[in-house]
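Chemist: Produce the entire structure from the sequences given, and follow the hints as far as they go.
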Amino acid sequence: MDLAFFLIQLLNGLQYGLLLFLVASGLTLVFGIMGIINLVHGSFYMLGAYLAWSLAGLTGSLAAAIAVGIPLTVLFGMALEWLLIRRLYERDHLFQVLLTYGLILVFEEMRSILWGDDVHGLPVPALLNVSIPLTETLSYPVYRLFISGVCLLLAFGLYLLIQKTRLGMMIRAGASNRDMVQSLGINIKLIYTLVFAIGVALAAFAGMINAPLSSVFPNMGGQVLIICFVVVVIGGIGSVKGAMAASLMIGLADTFGQVLVPEVAGMIVYLLMAVVLVWRPAGLFGKA
Amino acid sequence: MTPARTRLFALLACALLLALFPLFGGTFYVQLIAKVMILAIFAMSLDLLIGYTGLVSFGHAAYFGLAGYALALLGPKYEAASLWWSLPAAMAVCALFALVTGLLVLRTKGIFFIMVTLAFAQMLYFVFHDTKLGGGSDGIYIYNKPELKIGDFALANLDKIEHFYYFVLILMLAVYLLLRRVLGSTFGRALVGIKVNEHRMQALGFPVFRYKLASYVLAGALGGLSGYLAAVQFGFVNPEILSWHKSGQVMMMVILGGMGTLYGPVLGAFAFVLLQETFSNQAWFGSLAKHWQLAMGGFVVLVALYLPRGLAGLIERKAQPAVEEEEKPKEKP
Chain A
1 MDLAFFLIQL
11 LNGLQYGLLL
21 FLVASGLTLV
31 FGIMGIINLV
41 HGSFYMLGAY
51 LAWSLAGLTG
61 SLAAAIAVGI
71 PLTVLFGMAL
81 EWLLIRRLYE
91 RDHLFQVLLT
101 YGLILVFEEM
111 RSILWGDDVH
121 GLPVPALLNV
131 SIPLTETLSY
141 PVYRLFISGV
151 CLLLAFGLYL
161 LIQKTRLGMM
171 IRAGASNRDM
181 VQSLGINIKL
191 IYTLVFAIGV
201 ALAAFAGMIN
211 APLSSVFPNM
221 GGQVLIICFV
231 VVVIGGIGSV
241 KGAMAASLMI
251 GLADTFGQVL
261 VPEVAGMIVY
271 LLMAVVLVWR
281 PAGLFGKA
Chain B
289 MTPARTRLFA
299 LLACALLLAL
309 FPLFGGTFYV
319 QLIAKVMILA
329 IFAMSLDLLI
339 GYTGLVSFGH
349 AAYFGLAGYA
359 LALLGPKYEA
369 ASLWWSLPAA
379 MAVCALFALV
389 TGLLVLRTKG
399 IFFIMVTLAF
409 AQMLYFVFHD
419 TKLGGGSDGI
429 YIYNKPELKI
439 GDFALANLDK
449 IEHFYYFVLI
459 LMLAVYLLLR
469 RVLGSTFGRA
479 LVGIKVNEHR
489 MQALGFPVFR
499 YKLASYVLAG
509 ALGGLSGYLA
519 AVQFGFVNPE
529 ILSWHKSGQV
539 MMMVILGGMG
549 TLYGPVLGAF
559 AFVLLQETFS
569 NQAWFGSLAK
579 HWQLAMGGFV
589 VLVALYLPRG
599 LAGLIERKAQ
609 PAVEEEEKPK
619 EKP
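Residue numbers (this note's numbering), protein chains in the order written: chain A, 1 to 288; chain B, 289 to 621.
Check the hints yourself; a few may be wrong.
With a cut-off of at most 20 Å between alpha-carbon atoms, the simulated EDC-like pairs for lysine to aspartate or glutamate come out as follows [what the hints assert, rightly or not]:
(1) B/437 <-> B/367
(2) B/578 <-> A/117
(3) B/420 <-> A/263
(4) B/397 <-> A/92
(5) B/397 <-> A/90
Derived DEER-like restraints, expressed as beta-carbon distance ranges [what the hints assert, rightly or not]:
(6) A/179 <-> B/522: 46 to 54 Å
(7) B/485 <-> A/142: 27 to 35 Å
(8) A/172 <-> B/305: 52 to 60 Å
(9) B/565 <-> A/87: 23 to 31 Å
(10) B/372 <-> A/215: 44 to 52 Å
(11) A/215 <-> B/594: 57 to 65 Å
(12) B/376 <-> A/149: 52 to 60 Å
(13) B/419 <-> A/11: 22 to 30 Å
(14) A/215 <-> B/485: 49 to 57 Å
Partner residues aside, some chain A positions facing chain B, computed with beta carbon under 8 Å [said to hold, decoys possible]:
(15) 99
(16) 103
(17) 110
(18) 270
I should point out that these hints are in silico values taken from the structure, not numbers from a laboratory.
We put the beta carbon where it would ideally sit given N, CA and C, even for glycine.
Modeler: What follows is the structure in structure tokens.
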């Protein structure tokens, strides 16, 4: 493996990891703050990808599709939280699993009815559809760098939101003691709705922005969901920092695994998880 | 009549009904009910974890699939395997997998446990999906059904659907009685105690971790039994039998039927397949029949919201409201 090839894989791994972070951070927030195990999170990723595909078909550009699609998904997330997820806060995890599993089936079939079962491609936006030459034969697409950059920006934004703003303070307080926050006169229900909607928007955005690279296909949500579970387990529940570290680990391990040992690549992330579990059962950044 | 006696009579009546069914049911329905009874064994094995030990496993399909693959890979390719060794071998493989993963997953709790069991099942899925070991995503055919012979005398010919049906029925009843026995013992009572309050059981001196591991391994082996039977019935294994949708379905059966009762999961398996057949009935639902998962998903949501104790909960509330000796499902404070 020469240097240019190594560099390409490294960048691919980082880009994949950063993308995973967008999905996994929402998952870990919903776990950590609301105490909900949300299987339907992967469906939001799928929803984003399909929205990007159909809206880009209507408007002619991915940027416009994202601009229209994100508010739609935020509204969708808020409505879902208000209608169903809200009823799960006091319930056993078992029923959270069951209800959100049922929702997966519903969304997957809705997708099939609305958009069909075909695989669709989406062109990379023309402005970003260039490559940086590395050697005479190898080059690196700018769009992937663009995705990495946007993901990093969003991750930084999320950090600022949670650690530095008043809203973030309320969110963190809500995670540690819901009743106390409520009796201080803060509308904790609204905060939960917001957190859930932020998670939905992040996952959907990841689906949108990655659609030109991954294409749009049935059951794409399930794959991402399970990998994100592994990310959350490795990183520790509720830890955004942990989600970032674990996402990058998984992204790199999976990408290099695909190249070096393609036969067992599918298992590598799970083995990594097993090792972390032996070493730290609550995850890298989890509180034991 | 005492409640225990009512229950015994109901059980005997159901067993008799199932035993007589092949006399008047057509081949299609005999096949279908055999499939349902296999799922009932699968659901009972998961109920041991969810309903009695308080371990919400979301990776139970691993055992269902693993046993099928064990039969396909360990048995001779063009001859029939003997059931006497292939069934115990398949269950032993599952028990071993449960033992190894159990040592890891039982270190975790709550949401973690759910995700980690799912992840291990998914790892197994990729083992069979990505490597050549089990024929990749195409799977493997099992050309010959296992033989059930003593010397040269064939006890049953599993190729015949009636024989297979009765074989499955006997095993389902055997699993039911075995689990009743286990749950009635000190060990079983201790498991329920662990579900309700693990720390208290620890303080009372019970080896909590070992008990949970034993329960996990037993559930894995019995899940393997059902997977073995399913592989025999369909003569075919592929990675889909390990998929997480399978784990979701069996969890649905347990809760729909009523967790924490043994007959609940059996009812759940029947109800689930009945619903599946109804929603995918073309004559009733026309072009929507293809999308039966939509109705099923909606139904799952409703069960989660409004029927936490399942069908068994409905029956017991009707039958004897006073005799509520089973623990209520644990609600988080």
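Chemist: Now look at each hint and say whether the structure bears it out.
Modeler: Here is what the structure says about each hint:
Between residue 437 of chain B and residue 367 of chain B the alpha-carbon distance is near 14 Å, which keeps this suggested pair within the 20 Å criterion. Restraint check for residue 578 of chain B and residue 117 of chain A: the C-alpha separation of about 12 Å stays at or below 20 Å, so the hint holds. A hinted pair counts as satisfied when its Cα atoms are at most 20 Å apart, and residue 420 of chain B with residue 263 of chain A qualifies at roughly 9 Å. Distance restraint check for residue 397 of chain B and residue 92 of chain A: the Cα-Cα separation of roughly 13 Å lies within the 20 Å cut-off, and the hinted pair is therefore satisfied.
The hinted pair formed by residue 397 of chain B and residue 90 of chain A meets the criterion: a straight-line CA distance of about 18 Å does not exceed 20 Å. Look at residue 179 of chain A against residue 522 of chain B: about 52 Å separates their beta carbons, and that is inside 46 to 54 Å. A hinted range of 27 to 35 Å is violated for the C-beta pair residue 485 of chain B and residue 142 of chain A, which are about 58 Å apart. Look at residue 172 of chain A against residue 305 of chain B: about 58 Å separates their beta carbons, and that is inside 52 to 60 Å.
For residue 565 of chain B and residue 87 of chain A, the hinted distance range of 23 to 31 Å is satisfied, since their beta carbons lie about 30 Å from each other. Roughly 50 Å separates the CB atoms of residue 372 of chain B and residue 215 of chain A, a value that falls within the hinted 44 to 52 Å. Judged by the Cβ atoms, the range 57 to 65 Å given for residue 215 of chain A and residue 594 of chain B is violated: they are separated by roughly 39 Å. Distance hint for residue 376 of chain B and residue 149 of chain A: a CB-CB separation of about 58 Å, consistent with the stated range 52 to 60 Å.
At about 28 Å, the CB distance of residue 419 of chain B to residue 11 of chain A agrees with the hint of 22 to 30 Å. Distance hint for residue 215 of chain A and residue 485 of chain B: a CB-CB separation of about 50 Å, consistent with the stated range 49 to 57 Å. Here the hint on residue 99 of chain A is kept, as its CB sits about 4 Å from the closest CB of chain B, short of 8 Å. Among the interface hints, the one on residue 103 of chain A holds; its C-beta lies about 6 Å from the nearest C-beta in chain B, closer than the 8 Å criterion.
Using the Cβ-Cβ criterion of 8 Å, the hint placing residue 110 of chain A at the interface with chain B is satisfied: the shortest such distance is roughly 7 Å. Because the beta carbon of residue 270 of chain A sits about 4 Å from the nearest beta carbon in chain B, less than 8 Å, this interface hint is met.
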